[in-house]
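Listed below, chain by chain, are the residues.
2 protein chains.
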Amino acid sequence: MSDFDSQIMQVLEGYKAAVLAKDVDAFIKLYDQDVRVFDAWGTWSYQGAAAWRQIVQQWFASLGEESVAVSMEDVHVTGAKDMAVISAMVTYAGISSTGERVRAMQNRLTWAMSRMGDSWGIVHEHTSAPIDFDDLKAILERN
Amino acid sequence: MSDFDSQIMQVLEGYKAAVLAKDVDAFIKLYDQDVRVFDAWGTWSYQGAAAWRQIVQQWFASLGEESVAVSMEDVHVTGAKDMAVISAMVTYAGISSTGERVRAMQNRLTWAMSRMGDSWGIVHEHTSAPIDFDDLKAILERN
Chain A
179 MSDFDSQIMQ VLEGYKAAVL AKDVDAFIKL YDQDVRVFDA WGTWSYQGAA
229 AWRQIVQQWF ASLGEESVAV SMEDVHVTGA KDMAVISAMV TYAGISSTGE
279 RVRAMQNRLT WAMSRMGDSW GIVHEHTSAP IDFDDLKAIL ERN
Chain B
179 MSDFDSQIMQ VLEGYKAAVL AKDVDAFIKL YDQDVRVFDA WGTWSYQGAA
229 AWRQIVQQWF ASLGEESVAV SMEDVHVTGA KDMAVISAMV TYAGISSTGE
279 RVRAMQNRLT WAMSRMGDSW GIVHEHTSAP IDFDDLKAIL ERN
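Line by line, the protein sequences give chains A and B. Residue numbering for the first sequence is 179 to 321, as defined by the working numbering. Residue numbering for the second sequence is 179 to 321, as defined by the working numbering.
To be clear, the hints were calculated from the coordinates, so they are not data collected in a lab. Careful, some of the hints might be misleading.
Claimed, not checked - With a straight-line cut-off of 25 Å between C-alpha atoms, the simulated SDA-like cross-links for lysine to any residue are:
| no. | chain 1 | residue 1 | chain 2 | residue 2 |
| --- | --- | --- | --- | --- |
| 1 | A | Lys315 | B | Phe311 |
| 2 | B | Lys315 | A | Gly220 |
| 3 | B | Lys259 | A | Asp181 |
| 4 | A | Lys194 | A | Met267 |
| 5 | A | Lys315 | B | Lys315 |
| 6 | A | Lys315 | B | Val280 |
| 7 | A | Lys315 | B | Phe182 |
| 8 | B | Lys207 | B | Ser292 |
| 9 | B | Lys259 | A | Gly299 |
| 10 | A | Lys259 | B | Asp296 |
| 11 | B | Lys315 | B | Lys207 |
| 12 | B | Lys200 | B | Lys259 |
| 13 | B | Lys315 | A | Ala266 |
| 14 | A | Lys194 | A | Ser245 |
| 15 | A | Lys315 | B | Glu319 |
| 16 | B | Lys207 | B | Gln232 |
| 17 | A | Lys259 | A | Asp312 |
| 18 | B | Lys315 | A | Ser184 |
| 19 | A | Lys194 | B | Phe311 |
| 20 | B | Lys315 | A | Lys259 |
| 21 | B | Lys194 | A | Ser223 |
| 22 | B | Lys315 | A | Asp181 |
| 23 | B | Lys315 | A | Asp312 |
| 24 | B | Lys207 | A | Val255 |
| 25 | B | Lys315 | A | Gly299 |
| 26 | B | Lys315 | A | Ala258 |
| 27 | A | Lys315 | B | Gln232 |
| 28 | A | Lys259 | B | Glu319 |
| 29 | A | Lys315 | B | Phe238 |
| 30 | B | Lys259 | A | Gly295 |
| 31 | A | Lys259 | B | Gln232 |
| 32 | A | Lys315 | B | Ala266 |
Here the structure is a predicted model, which means the values were calculated and not measured.
The task is simple: from the sequences and hints, build the whole structure.
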């Protein structure tokens, strides 16, 4: 695996680990200070890591005893020098305190990342689910 | 305006012009052959310009006498050398044959673009609307 690939992998693995541990600090470190987030839920856009941090904090706090296992499929990576773009299908699985998978939801994920020395920071995140034409509801399972 | 900025602007203006003219050829020329599209509507992912072309053709055909005026706000551009990422709020306004604005819908738009000589091709597109927590419906107006 090239340096580039392994650095990108570090961000993906860092994201999964931070969500599973509900570790807000580790999570937000993956992002650039000026990140622009188009999140799947409720709000059009968040500007800056401080605004995004608040939402992540609320998300982790809302989980109670549960935790969330993130997995990614169909990961495409483009770029190399100073900028990279990742697109993927993400599954967020709710895990009970006894280790059971109690629910799961899928999203499309796009990350634009900028090189910061030897590592990469997310400068733009876009997550979503496709919208059903007929009832305008989000489709949250890929089946 | 730098060469970079004006080249990026060309893609934005090319997109608006192709949609307004319902010109499938001009539209699809903006995209890389291997483009991956996460479209707001119905389907999780389209792979390749040929698959995307079919959807665009259906979209334009479905408009009948109407046309669609695209406008973009809050456009952020990052990158420079071989890769650029654009994020923006897009309004798609339906215009009647007599020139009246009959409806409008908003989307978040992300484009990853690769340099192809003197121009740029879209290698990844992600459009979406945020999902309301309570009824799981897409929010299609930003107000």
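Taking the hints in turn, this is what the structure says about them:
1. Lys315(A) with Phe311(B): Holds - the C-alpha atoms of phenylalanine 311(B) and lysine 315(A) are around 11 Å apart, at most 25 Å.
2. Lys315(B) with Gly220(A): 10 Å, holds
3. Lys259(B) with Asp181(A): 20 Å, holds
4. Lys194(A) with Met267(A): At roughly 14 Å apart (the allowed maximum being 25 Å), methionine 267(A) and lysine 194(A) satisfy the hint.
5. Lys315(A) with Lys315(B): Answer holds: lysine 315(A) to lysine 315(B) is near 4 Å, not above 25 Å.
6. Lys315(A) with Val280(B): Holds. Lysine 315(A) to valine 280(B) sits at ~23 Å (cutoff 25 Å).
7. Lys315(A) with Phe182(B): Violated, because 39 Å separates the two Cα atoms, which is more than 25 Å.
8. Lys207(B) with Ser292(B): Given that 25 Å is the threshold and the Cα spacing comes to 13 Å, the pair holds.
9. Lys259(B) with Gly299(A): 18 Å, holds
10. Lys259(A) with Asp296(B): Judged against 25 Å, a Cα distance of about 19 Å means the pair holds.
11. Lys315(B) with Lys207(B): 33 Å, violated
12. Lys200(B) with Lys259(B): 31 Å, violated
13. Lys315(B) with Ala266(A): 23 Å, holds
14. Lys194(A) with Ser245(A): With a Cα-Cα distance of about 11 Å, the restraint between lysine 194(A) and serine 245(A) holds, given a limit of 25 Å.
15. Lys315(A) with Glu319(B): 15 Å, holds
16. Lys207(B) with Gln232(B): It holds: about 14 Å lies between the C-alpha atoms, which stays within 25 Å.
17. Lys259(A) with Asp312(A): With Cα atoms ~43 Å apart, lysine 259(A) and aspartate 312(A) exceed 25 Å; violated.
18. Lys315(B) with Ser184(A): 38 Å, violated
19. Lys194(A) with Phe311(B): 23 Å, holds
20. Lys315(B) with Lys259(A): Not satisfied, since the Cα-Cα distance of roughly 39 Å exceeds 25 Å.
21. Lys194(B) with Ser223(A): Cα-Cα ~23 Å, so holds.
22. Lys315(B) with Asp181(A): At roughly 42 Å apart (the allowed maximum being 25 Å), aspartate 181(A) and lysine 315(B) break the hint.
23. Lys315(B) with Asp312(A): Answer holds: lysine 315(B) to aspartate 312(A) is near 11 Å, not above 25 Å.
24. Lys207(B) with Val255(A): The hint holds at about 22 Å.
25. Lys315(B) with Gly299(A): 31 Å, violated
26. Lys315(B) with Ala258(A): Given pair lysine 315(B), alanine 258(A) is violated - Cα atoms ~37 Å apart, limit 25 Å.
27. Lys315(A) with Gln232(B): 24 Å, holds
28. Lys259(A) with Glu319(B): With a Cα-Cα distance of about 37 Å, the restraint between lysine 259(A) and glutamate 319(B) is violated, given a limit of 25 Å.
29. Lys315(A) with Phe238(B): The hint holds at about 23 Å.
30. Lys259(B) with Gly295(A): 17 Å, holds
31. Lys259(A) with Gln232(B): 34 Å, violated
32. Lys315(A) with Ala266(B): 23 Å, holds
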